[in-house]
Structures are given as C-alpha cells and as structure tokens.
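2 protein chains.
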Amino acid sequence: MENLVFHQIGVIKTPYTSSAPYQPVENDDQEFYLDVDDRYVQGLKDLDSFNYIYVIYYIDRLKDIPQMLVAPPWAYGRDVGVFASRSPGRPNPIGLSVVRIRKIFGNRVYTSGLDVFDGTPLLDIKPYIKDLDSKIDANHGWIEASDDAEHLALHIQGIPHDY
Amino acid sequence: MENLVFHQIGVIKTPYTSSAPYQPVENDDQEFYLDVDDRYVQGLKDLDSFNYIYVIYYIDRLKDIPQMLVAPPWAYGRDVGVFASRSPGRPNPIGLSVVRIRKIFGNRVYTSGLDVFDGTPLLDIKPYIKDLDSKIDANHGWIEASDDAEHLALHIQGIPHDY
Numbered sequence: 001m002e003n004l005v006f007h008q009i010g011v012i013k014t015p016y017t018s019s020a021p022y023q024p025v026e027n028d029d030q031e032f033y034l035d036v037d038d039r040y041v042q043g044l045k046d047l048d049s050f051n052y053i054y055v056i057y058y059i060d061r062l063k064d065i066p067q068m069l070v071a072p073p074w075a076y077g078r079d080v081g082v083f084a085s086r087s088p089g090r091p092n093p094i095g096l097s098v099v100r101i102r103k104i105f106g107n108r109v110y111t112s113g114l115d116v117f118d119g120t121p122l123l124d125i126k127p128y129i130k131d132l133d134s135k136i137d138a139n140h141g142w143i144e145a146s147d148d149a150e151h152l153a154l155h156i157q158g159i160p161h162d163y
Numbered sequence: 001m002e003n004l005v006f007h008q009i010g011v012i013k014t015p016y017t018s019s020a021p022y023q024p025v026e027n028d029d030q031e032f033y034l035d036v037d038d039r040y041v042q043g044l045k046d047l048d049s050f051n052y053i054y055v056i057y058y059i060d061r062l063k064d065i066p067q068m069l070v071a072p073p074w075a076y077g078r079d080v081g082v083f084a085s086r087s088p089g090r091p092n093p094i095g096l097s098v099v100r101i102r103k104i105f106g107n108r109v110y111t112s113g114l115d116v117f118d119g120t121p122l123l124d125i126k127p128y129i130k131d132l133d134s135k136i137d138a139n140h141g142w143i144e145a146s147d148d149a150e151h152l153a154l155h156i157q158g159i160p161h162d163y
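One line per chain: the protein sequences are A and B, in this order. Taking my numbering, the leading residue of the first sequence gets 1, the next gets one more, and so forth. Taking my numbering, the leading residue of the second sequence gets 1, the next gets one more, and so forth.
Read the hints as simulated data drawn from the structure, not as lab findings. Where hints are given, some of them may not hold.
No copy labels: a pair is met if it fits in one copy or bridges any two.
To be verified - Simulated pairs of lysine to aspartate or glutamate, DMTMM-like, Cα-Cα distance not exceeding 25 Å: (1) Lys-63 / Asp-38; (2) Lys-103 / Asp-118; (3) Lys-13 / Glu-144; (4) Lys-103 / Asp-37; (5) Lys-13 / Asp-38.
As the structure is a computational prediction, the values presented were derived from the model and not from experiment.
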C-alpha cells in the first residue's frame with residue numbers, strides 16, 4: 001500500500017521530558033507552546049480569534065508495535081479496540097489534542113496543557129469551531145459503562161485525586 | 001526536514017465523486033461509511049459504544065500548492081491564515097471530521113455525512129470523548145466577527161438555504 005508522506009511544520013514544547021500525562025492537564029505554572037517554523041508563520045493569521053484549537057502531531061516517542069486491542073491506563077486491564085481508545089500505539093502515530101489558545105507571539109502559540117513529550121513534531125493546527133466540533137450529545141462510550149466511571153472521568157479530565 | 005510516513009488503513013466511501021460539501025451534511029438518504037482493512041478490524045472493538053468519532057484522513061484529491069493565506073468559501077474573499085481555516089489546502093493534507101456512528105458491521109463503520117470525496121484514504125479513527133472534546137465555551141473565531149455570521153453558520157453546519 002502506498003506510503004503517505006507528511007513533514008514537520010514545527011515543534012511542541014512542554015515540560016514533559018521523561019513522562020507525560022495521559023490527557024491534557026490544566027496547569028498555569030507551566031508553559032506549553034507550539035513553535036511554528038518561520039515559513040508557516042503567516043498561516044497563523046486570525047488563529048487567535050478562536051478559543052480552542054486542534055493540535056495534530058506525530059507521536060515520535062513510541063517504541064511498541066501497535067496492537068489492535070489495548071488496555072488503556074484508565075481501564076484497569078480491560079481490552080478495547082485501539083480505535084475505541086486514544087492510546088498512542090496506533091497504526092498511524094497521529095496524535096490529536098484540543099487545547100485552549102492563551103496567546104500568540106510571532107511564531108509561538110501558547111496553549112493550555114498538552115499531553116505530549118517536549119519536542120514532539122507538529123503536523124497541523126486547525127480551529128475548533130463550535131458548531132462543527134462541540135457535540136453536546138457526545139458520550140463517554142465504554143468508559144461510562146465502567147464500574148468506576150466517575151473515577152475514570154477524573155483521569156480523563158486530568159483532575160488530580162488521591163484515590 | 002525528516003519525512004514522516006503514514007499508511008492507509010482503509011477507505012472512506014461517500015456519494016461524492018466530483019464535488020463534496022465544505023463540511024459534513026446530515027443526509028439520511030445517502031450512505032457514508034469507512035471500510036477498514038481486514039487486518040485492523042479487531043481495532044474497532046467497543047467503538048460502537050461512542051456516539052461520535054473523529055475520522056482522520058489523507059486529503060488525496062488536492063492539486064493546488066498550499067498557501068499560507070486562504071479565502072474560505074464562507075468568507076467572501078476575506079483572507080485568513082490557513083491554520084485558522086479548515087481549508088483542505090494545508091501544509092500537511094490531513095483531514096479531520098467529527099461524525100456520528102450509525103452502526104458497525106464487520107469492517108464497515110456507517111456514519112453521518114462526511115465531507116470528503118469517495119475513495120479518500122483513511123488514516124485513523126479516534127473516539128470523541130465528551131469530557132475531552134466537547135468544549136461548551138468554544139466559539140466561531142473570525143467567523144462570528146463577520147458581518148454575515150448567521151449566514152456563514154448555515155454554511156458551516158451544512159444547512160441548506162436559498163439566500
């Protein structure tokens with residue numbers, strides 16, 4: 001099957017060099033930003049008019065061979081299909097996060113917490129448009145069917161808890 | 001800069017062979033589905049527990065060289081940065097749509113309307129998880145600042161209108 005070639009358009013900077021949270025965590029004390037390569041800076045025009053963006057990136061620190069069934073960290077050993085999970089170990093290592101824009105200075109887009117390692121290659125930025133992307137009747141799928149759905153919800157939202 | 005290689009995991013089937021809408025359109029009379037390659041079918045386990053999914057695809061029918069400023073069809077000639085748009089002509093031709101799952105049979109995921117050409121290569125499927133992805137304080141960015149915001153909203157939502 002044909003290979004599809006993408007290229008890095010910038011780099012994601014986070015405080016996470018050796019471990020990263022499973023999902024974005026709000027943290028005002030740490031900096032998260034996208035450094036967009038100079039040749040793409042003009043493409044950021046008007047981006048700051050949006051509250052949220054999609055950040056699409058290449059999951060470059062993955063060493064395991066992707067499996068079709070995965071046991072997400074929230075699922076206590078339950079196996080789900082890889083496409084029913086946000087596991088990084090997927091057939092195509094494409095990462096997707098929804099984050100808030102804090103400010104944009106030149107080629108640098110400051111965001112709310114990003115659940116990726118420092119230095120992760122950036123592939124794309126898209127505006128998160130309310131009428132297209134905010135689905136009020138969305139659900140939590142297999143997560144809410146879990147015996148421990150409330151606890152899992154804290155993990156998903158990155159809310160610290162001690163149980 | 002290093003090339004990042006992805007590969008097709010299936011194909012998107014839509015009624016659109018010569019033109020496609022700018023965004024997903026709800027249409028109960030037409031079929032939209034993802035045909036996932038056999039070797040990835042096990043990865044669909046539990047996907048049907050979600051109301052919505054992200055479909056990530058390779059925009060393969062693009063002929064123009066990506067520009068940093070684009071004039072979206074909704075914007076009446078206004079230029080915005082490509083990253084502030086959902087224009088297909090982007091530095092990396094990665095497409096992203098949020099769609100509803102209708103049903104899953106074997107390797108086939110039936111969805112609500114998808115704004116892509118028939119035969120578009122599928123790259124990834126991710127669950128749309130309410131607490132992660134549904135941002136109630138999202139906005140419409142430069143679109144809502146437009147003089148014609150209400151009209152643009154109809155385009156964005158794919159709602160037919162005759163003005």
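These are the hints, each one checked on the structure:
no., hint, in the structure
1, Lys-63 / Asp-38, "between (30 Å within a copy, 24 Å between copies)"
2, Lys-103 / Asp-118, "within (19 Å within a copy, 38 Å between copies)"
3, Lys-13 / Glu-144, "neither (32 Å within a copy, 30 Å between copies)"
4, Lys-103 / Asp-37, "within (17 Å within a copy, 41 Å between copies)"
5, Lys-13 / Asp-38, "within (16 Å within a copy, 37 Å between copies)"
When the structure is compared with the earlier hints, a violation turns up for hint 3 alone.
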